[in-house]
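Engineer: Chain by chain, the residues run as shown.
Protein chains: 2
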Amino acid sequence: MRPINLYLPESIAEATGARRALVGSAENITGLHLGKVALITGGSAGIGGALARLLALAGARVMMVARRESELEAARARIVGELEDIGFAGVERRVRILGGIDVANLDSLRLAVDETVRAFGRIDYLINNAGVSGAEEMAVDMNVDAWRHTQYANLISNYALMHMVVPMMKAQGSGYILNVSSYFGGEKFLAVSYPNRTDYAVSKAGQRAMVESMARHLGPEIQINAIAPGPVDGDRLAGLGGKPGLFERRGRLILENKRLNAVHAAVVKAVRRGEPVAGILGRLARNDTVQLSHDKSVPAELRELALACAREGDETCSWDRFLLTPPLAAKLTGRLKLGGWLIGTDWAARAETEWLLRVPPDDQPWLPVAQIAREAAKVRAGVLSQLHLGKMPTETEVAQATVFFLADRAVSGETFMPSGGLNVERSTTERELFGSPKAERLEQMAGKTVWLIGEHLTDYVAAAADALLGCGVANVVLMARTAQGAAAISSAVGDGGGRVQTLVIGEAIEDTLDEALVRWGPPTTIVSTPLAPLPDRLFEGSDSLDGAGFAEVVDTNLTHHFRVARKASLFDHCQVVLVSPDVPMGQGGGPAFALANFVKTTLHAFTATIAVENERLVHDVPVNQINLTRRVRSEEPRGDAEHAEEVRRFARAVLLAGAPLPDAEDSRYRARVYRGMSITV
Amino acid sequence: MRPINLYLPESIAEATGARRALVGSAENITGLHLGKVALITGGSAGIGGALARLLALAGARVMMVARRESELEAARARIVGELEDIGFAGVERRVRILGGIDVANLDSLRLAVDETVRAFGRIDYLINNAGVSGAEEMAVDMNVDAWRHTQYANLISNYALMHMVVPMMKAQGSGYILNVSSYFGGEKFLAVSYPNRTDYAVSKAGQRAMVESMARHLGPEIQINAIAPGPVDGDRLAGLGGKPGLFERRGRLILENKRLNAVHAAVVKAVRRGEPVAGILGRLARNDTVQLSHDKSVPAELRELALACAREGDETCSWDRFLLTPPLAAKLTGRLKLGGWLIGTDWAARAETEWLLRVPPDDQPWLPVAQIAREAAKVRAGVLSQLHLGKMPTETEVAQATVFFLADRAVSGETFMPSGGLNVERSTTERELFGSPKAERLEQMAGKTVWLIGEHLTDYVAAAADALLGCGVANVVLMARTAQGAAAISSAVGDGGGRVQTLVIGEAIEDTLDEALVRWGPPTTIVSTPLAPLPDRLFEGSDSLDGAGFAEVVDTNLTHHFRVARKASLFDHCQVVLVSPDVPMGQGGGPAFALANFVKTTLHAFTATIAVENERLVHDVPVNQINLTRRVRSEEPRGDAEHAEEVRRFARAVLLAGAPLPDAEDSRYRARVYRGMSITV
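Chains A and B supply the protein sequences, listed in that same order. The numbering of the first sequence is our numbering, which starts it at 214 and goes up by one. The numbering of the second sequence is our numbering, which starts it at 214 and goes up by one.
Chain A extracted, bound-state conformation (with noise of 0.2 Å):
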């Protein structure tokens, strides 16, 4: 018998869309995974897209699902003519497609697992595809529904139908399950930045350290792993439906951001000089280049700013005679009330109403073209130079790689980067506790006022409260989910002499926040640390974790803390510290431990991208992480001496990550060093 190679006839390529026929190659997947039932979230189109046409070529029966039935459908037919003009029969039945489906919507991720059981009887892959861009804004500028949304569609989606799909699997004896992540996810023990992305970084963050933390508790039956695609030469990229692609979207972000960071940055410089806030925003409506450079009213920093802007355009724009659009100046007051700039004045109120007496005209643009394509260019230009080969995969290229790494029956647990290679800065999130804060950085708090949010971890934070009463703090504000918390922390305290101070928080951490701030001044420090402990449930059992509760966990330990830091991020002189879970003794090794490092990993992403971004900002505000939970259950505390120790540790950390910077003797480190870290106790 001679080999027998399956040439795809030439004309297949255009058929398809794919850039190229992959010969040599394609012909050798058919068979790869016969029978194998695959279902596909966002398969319409990009790598799910190509993940679909090679899961069939390779004999799998597979349910694309996605919102529109007509791009499912058009998606469906390219598939199903192809392998129907290689040979295959019966190519309408083993290729479906459910429209409708909206991975943000766990009601609507059911229907796609029941319809998959009742078109082919069961599942063997889950294949976590879909997922939305995010927001596409600095942390600071985004609202709280636009973060939620992202982790629905991106990251609890990939749990909700994991916990599903997970009974089948186990009661079927295997079962594959691959999320769909990116490079910006970071890899393994590291995160990585992705500045304007936040949202978007923590969600691919987090389906990343899904796969790391829990692939112990669905083997052997289930493997479970993610692939992380660097930047993929096709759809995602390009721009689906007309709109821009992704370097041309950064291409206009780092123009607008540019422009609002250093509005908003003269505003503030002028009000710390004195000048009355309203007064300043009442010139700024004006939206007028020239007339602010010119009038001596207005305050000196935002006259040099216009000056500098009306000298920035070409006639192709507008954007050198309007400081302004509708949206950037939303954005501004937006972060001037969400910083407490407004408190005391009537602009609280309007903040978010159109204020600009004057708007850049609709027949023209007000970014200048030549420059987005510049900035666009020059991220491309980046990209590509990071890739060690110079160039980036096509997503045919990425979903071949991916059909074979799904016949791999040996390894669960890990990241498959299929782009390869990247060379980008990342932060290691296992960083260990060591040294100790110089004696200068401890004195300058002497007097100041400190924040720590927390509800059932009292030792913890009583500790750093006590080590914070003995820097010589004047206030110490606990704000407290409920009262008894409170009360429970603050009786734990050592005598704070009347400087520990109590809040309850109500509906939203905002308020809290306000208040605080209103009654005692802006904190030199704040530390947020989970309001409620993680459940220690998974997919086992009667009362398992299901994705609503899923959502609950994202909620109370990483969205809890993107709202204390977005809004903290506007305050002047200000360190956070954000703090993962716990996992009380005896419970190591378990759902929550699990969980807890789950939660370590994907907050990771967010403090190493919003301390990135606070850079750009004019409070500068660093924002690092300590983490309770080690990655290891030998390492954890097995004892009362061994907890009080690790109490210790988290109180020293504290003092590490929450006292002023230093000096700028290592200038060019301090920020690596002193910002976004990651320190387990």
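Honestly, the hints are just simulated from the structure, not real lab data. Remember, it's a predicted structure, so these values are computed and weren't measured experimentally. Fair warning: there could be bad hints in the mix.
[What the hints assert, rightly or not] Calculated from the model, a selection of chain B residues having no Cβ within reach of chain A, i.e. all distances over 12 Å: (1) Arg335; (2) Ala428; (3) Ala583; (4) Arg593; (5) His601; (6) Thr772.
[What the hints assert, rightly or not] In silico negatives: residues of chain B with every beta carbon more than 12 Å from chain A: (7) Val293; (8) Ser321; (9) Ala332; (10) Val424; (11) Ala498; (12) Asp501; (13) Ile556; (14) Arg571; (15) Ala589; (16) Glu656; (17) Ala680; (18) Asp785; (19) His832.
[Claimed, not checked] Here are the simulated lysine to any residue pairs, SDA-like style, with alpha carbons at most 20 Å apart: (20) A:Lys651 to A:Tyr887; (21) A:Lys604 to B:Gln385; (22) A:Lys651 to B:Arg861; (23) B:Lys604 to A:Gly802; (24) A:Lys604 to B:Lys383; (25) A:Lys604 to A:Gly802; (26) A:Lys383 to B:Thr715; (27) B:Lys651 to A:Glu653; (28) B:Lys482 to B:Lys383; (29) B:Lys604 to A:Arg622; (30) A:Lys456 to A:Ala590.
Ideal placement from N, C-alpha and C gives every residue a C-beta, glycine not left out.
For chain A, the structure is supplied; the task is to place chain B on it using the hints.
Structural biologist: Frame of chain A; chain B shown alone:
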């Protein structure tokens, strides 16, 4: 055309020795590597043999090279037979072998390349699979030749072959280099410690580091990646040719080392109390547990140990009666000699001779067989508990994943983990310097002696000397390769008030350290820097860095530190700091920069391993590492001021890592934080 699946006849599974036929997968690789030429080192067994088989099945032309011709012939016969049975023609021509190839020998490697090209006209895939297990003993017991042999066989061979094939692959416009590393080679930015296998861990980390640091010097034509298998159920683990398998070897080693370390500790403790070492060894030579435990003239430490040992045995063995075997006795006196404990005694000369007066009988095992089995089972259970799927992959599974991985044209610079999800302890290579050493640690250095080893890194070494003089040390001993080097450093040091001494390193670094030991007593801190700069060459140009040149880099930057640390680990109250090479300003991004990152990563495997080993020794010497080169070119100093800042940071890091350990406040974490760390300054 219907899909065509080539099912293998059932009998093939047995015929090939594979555990099970990979029905549903194996038939799919037909043609996947059609026409490609693969050179596989160590292709006769294990993963290499499985790879050769699958690559041949996938249509490649395969050259298997190894030492033993007979084994190669058997492997080839199996593959040829299998492929002919399936129906392939011309297999005899496609699958070739070359015996007598020793990867530890550069000439032998040249022959392998030449013969492959002669047979097939080109090389598409270089698969660096051959390797040795290494010395399998603690670093302090390992001799320099054994260490070097492991580096030649496992690491230098990879580079040497790469250097030979790169011009050909560049000319072809494509090529793929695959290094078969190991899970114990660590992961990107992370080192894994592998006690008793430091030579092996370093060589495996080097294979991986090479991929990460050199990929961009090989692209866009050439891909270079690694696979890092974890435990694999196959030849290597089970033991080749009737020899004991890995777990049994580990079990033996654990028992032997426990005994050796206990005797060693007893001797050292007695000497510390003032007992003359010669007398102790004289009594120990009797090697009779009963006698030793009853003789009041024997130091108490040894008496107690002998008593405990006498109770440990069973009828199957003699280790309750004999404290040591001749090999362990030689290791014991080897340690004492290396650590300077025999200076001035007549034992210094006879340390390596057989000195036991009484040795265990030949007709009975010394080690208790049941205990070996118990230890081996513990090791095996520990490994299995770390695998998410609770099972080890087979060699065929690993090979299949690799054959798929090799088909991917987009990945370079990456390490693929075909065993997936091992949960072992890792240590971060890119740790940042932060915090300062506590004053009480620095005060402990007053009046002590410190050793600084260096040559060309004048300003770094001088700054460290100044910082140490500032702590009030009694002597700074500068050891340089040349008298000029010593003079340059010495004159760059500030006023030492006669406290700065110099020594010129002769042929062997060990002799110089012994001289310093005699003249100024044991040091509290040793800072070891490489004695020559890195070459700024790799694969390109007429003066490219060949295998011999690379061997020199390994010797200067890895073997050198091994020699210093091995000896220093046998001193009392000593801290060791190993320094990875610097790249002069302006060279960033070039070959030297890649080499510096290669060294830094590879050295950390040593640092992390010896740090753990040393905790099992009576001297308990912490070993840490400082890196002078950052991972990204843009972070390197860009001018004199930034260089000066880096030098200051280096001196601070030397104090942090070099001062005596802090007290046990953070007891359980002390080892994690202060040992085996790798700080980049």
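Engineer: Give a verdict on every hint.
Structural biologist: Verification of the supplied hints:
Residue placement check: Arg335 (chain B) keeps its beta carbon more than 12 Å from all beta carbons of chain A (closest about 16 Å). Residue-level check failed: Ala428 (chain B) sits 4 Å from the nearest beta carbon of chain A, not beyond 12 Å. Against chain A, the non-interface label of Ala583 (chain B) holds: every CB pair exceeds 12 Å, the least being about 27 Å. Annotated as non-interface, Arg593 (chain B) keeps its C-beta farther than 12 Å from every C-beta of chain A; the closest such distance is 16 Å.
Taking the minimum C-beta to C-beta distance to chain A, about 4 Å, the non-interface status of His601 (chain B) is violated against the 12 Å cut. In this structure Thr772 (chain B) is separated from chain A by more than 12 Å, as the shortest Cβ-Cβ distance comes to about 29 Å. Annotated as non-interface, Val293 (chain B) keeps its C-beta farther than 12 Å from every C-beta of chain A; the closest such distance is 15 Å. The Cβ of Ser321 (chain B) sits about 30 Å from the closest Cβ of chain A, beyond the 12 Å cut-off, so the non-interface label holds.
Even its closest Cβ contact with chain A, about 21 Å, leaves Ala332 (chain B) beyond 12 Å, as expected for a residue assigned away from the interface. Chain A draws Val424 (chain B) into its interface by the beta-carbon criterion, the shortest separation being 9 Å against a cut-off of 12 Å. With a minimum CB-CB distance of about 41 Å to chain A, Ala498 (chain B) clears the 12 Å threshold, and the non-interface call stands. No beta-carbon of chain A is positioned within 12 Å of the beta-carbon of Asp501 (chain B); the least distance is around 39 Å.
With a least CB separation of 36 Å from chain A, Ile556 (chain B) remains clear of the 12 Å interface cut-off, as annotated. For Arg571 (chain B), the condition that its CB be more than 12 Å from all CB atoms of chain A holds, with the nearest at approximately 42 Å. Every Cβ of chain A is farther than 12 Å from the Cβ of Ala589 (chain B); the closest lies at roughly 21 Å, confirming the non-interface assignment. The non-interface label for Glu656 (chain B) is consistent with chain A: the shortest C-beta to C-beta separation is roughly 15 Å, beyond 12 Å.
With a minimum CB-CB distance of about 15 Å to chain A, Ala680 (chain B) clears the 12 Å threshold, and the non-interface call stands. No Cβ of chain A approaches the Cβ of Asp785 (chain B) within 12 Å, the least distance being about 24 Å, so the stated non-interface status holds. Its beta-carbon lying about 22 Å from the closest one in chain A, His832 (chain B) satisfies the requirement of being farther than 12 Å from that chain. Note on Lys651 (chain A) and Tyr887 (chain A): the hinted pairing holds, with a Cα-Cα distance of about 13 Å set against a maximum of 20 Å.
Only pairs whose Cα atoms come within 20 Å are accepted, and Lys604 (chain A) paired with Gln385 (chain B) is accepted, the gap being roughly 19 Å. This hinted pair checks out: Lys651 (chain A) and Arg861 (chain B) have alpha carbons roughly 17 Å apart, not beyond 20 Å. Of the pairs offered as hints, the one joining Lys604 (chain B) and Gly802 (chain A) holds, with about 19 Å between alpha carbons and a cut-off of 20 Å not exceeded. Note on Lys604 (chain A) and Lys383 (chain B): the hinted pairing holds, with a Cα-Cα distance of about 17 Å set against a maximum of 20 Å.
Our distance criterion of 20 Å between C-alpha atoms is broken by Lys604 (chain A) and Gly802 (chain A), whose separation comes to about 42 Å. Distance restraint check for Lys383 (chain A) and Thr715 (chain B): the Cα-Cα separation of roughly 69 Å exceeds the 20 Å cut-off, and the hinted pair is therefore not satisfied. About 14 Å separates the Cα atoms of Lys651 (chain B) and Glu653 (chain A), which keeps this hinted pair within 20 Å; it holds. Of the supplied pair hints, the one linking Lys482 (chain B) and Lys383 (chain B) is violated, its CA atoms being roughly 60 Å apart against a limit of 20 Å.
A C-alpha spacing of about 11 Å is found between Lys604 (chain B) and Arg622 (chain A), which places the hinted pair at or below 20 Å, so the restraint holds. A distance of roughly 17 Å separates the Cα atoms of Lys456 (chain A) and Ala590 (chain A); the hinted pair therefore holds under the 20 Å criterion.
In summary, the numbered hints that this structure violates are 2, 5, 10, 25, 26 and 28.
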